[in-house]
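Enquirer: Take a look at the letters that make up each chain.
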Amino acid sequence: MAVVSRGFGARRRESDPRLPPGQYLTEDFPVLSAGPTPRIDLDQWRFGIRTGGGAEVSWTWDEFQALPIEDVDTDIHCVTRWSKLGTSWRGVSLDTLLESVESDASYAMAHSYGGYTTNIPLDELRDGQAWVAFEFEGEPLDPEHGGPARLLVPHLYFWKSAKWVRGLTLMDDDEPGFWEQNGYNMHGDPWTEERYW
Amino acid sequence: MTVGGWQPARVVDAVAATPSARLLKLQVPGWPGNDAGQHVDIRLTAEDGYQAVRSYSIGSYGPGDTIELAVDEIPEGEVSPYLVRDVLPGDELEVKGPLGGYFVWRPGGVEPVQLIAGGSGIVPLMAMVRAARDAGAAASFRLLYSVRTAEDAIYRDELGRVATDGGVGLTWRYTRAAPTGWQGRLGRVDGDVLRGATWDPDRQPIVYVCGPTGFVEHVADALVQLGHPSARIRTERFGGA
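Top to bottom, those sequences are chains A and B.
Position in the first sequence counted from 1, then plus 128, gives you the numbering used here.
Position in the second sequence counted from 1, then plus 122, gives you the numbering used here.
If we strip away everything but chain A, and leave its shape as in the complex, we get:
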């Protein structure tokens, strides 16, 4: 039985079955980053996937834009407790990108411009669960929200959706990324509150 806080609850927010436990709705789009926002020129931008053997496939911005592009409508959930419902994105499915790679790896480390990393099971990047997204609500993705392109893995807490993503390294074994080394969960399922160590 939780401790009751005397007199609390007069101003409460609406609840919604789409909200995972311990989350609240926001209409804003808060920014959470561990450092300055990197600025990446589109003519310098690359996205690459490196396999355990060291082989790498990569795309320039123009090559990337020529890939099949999907519209994604989804809810997003930040470990700092806000959720945003019904957001719309455009990007390239990881299913499309991973078709170019031969690998029996089980995990991926996402790498970002600026040095950020985060680890994700490869199974959870497939089957329509993840994208590299470059538009938000019909506009190019702002740098402070991860533009030119960020990973979008909306079924996990949003720190897994690496901003300024520049590639994936496929791995046989799971390894912790940046926040996973700094107190946050290796997996990050919002519905079971996999928040912290």
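None of these hints come from the bench; they were simulated from the model.
As the structure is a computational prediction, the values presented were derived from the model and not from experiment.
Example chain A residues on the side facing chain B (calculated, C-beta under 10 Å, incomplete):
(1) A130
(2) S143
(3) G150
(4) T208
Interface residues of chain B toward chain A, partial, derived using beta-carbon atoms under 8 Å:
(5) E169
(6) Q173
(7) V175
(8) A342
(9) V346
Cβ atoms here follow ideal geometry from the backbone N, Cα and C, with glycine treated the same way.
Position chain B relative to chain A; hints supplied.
Expert: For chain B alone, coordinates are given in the frame of chain A:
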């Protein structure tokens, strides 16, 4: 170290810090202590079982089972108005933490430390100032604190004391109105302010920036322009609701 579950906590002190913010001291039996800069989740439960959880930076550091928060009221919020206006000593709530392992300072480093706060972003930086003072490292610390007016500055008196006699190098920046007798200019923190009030990039400081999103974005960009490597700038942004 794992975080573990919710722990009961009791409010033992609640005093006004500014017209919109309050300092709360919470006694948390079994609290493991915390590093300067960490935060904590606070859970409130209404009599009918409704719950809300928010994260707050901790202004205190070190061992002991009492932690200090400084909560600034968000007018349309549901948790901060309760903590700023309603909660009283003796009231109970729950905490989970300490949380976060990156935006922290621990004694023992040799590099100078630059702290830059906007508004209530001072809270985790205050924990670092206190840790530096107690570790005898204050002279290697500089703090630039941007506030709308002097009365909006949380920890104003304590900062004044810590800044004297070889202590932390403190520079105020006022954006709306300055105290009587103030000689400096009013306005946002910009490159000129940073050049005058912060460690030079040549000194290879580690820089901690905390405040509202717009403030942190602006200051972090300006620091990069001045030549600070991105990897030496650690940020914590408050945003949204």
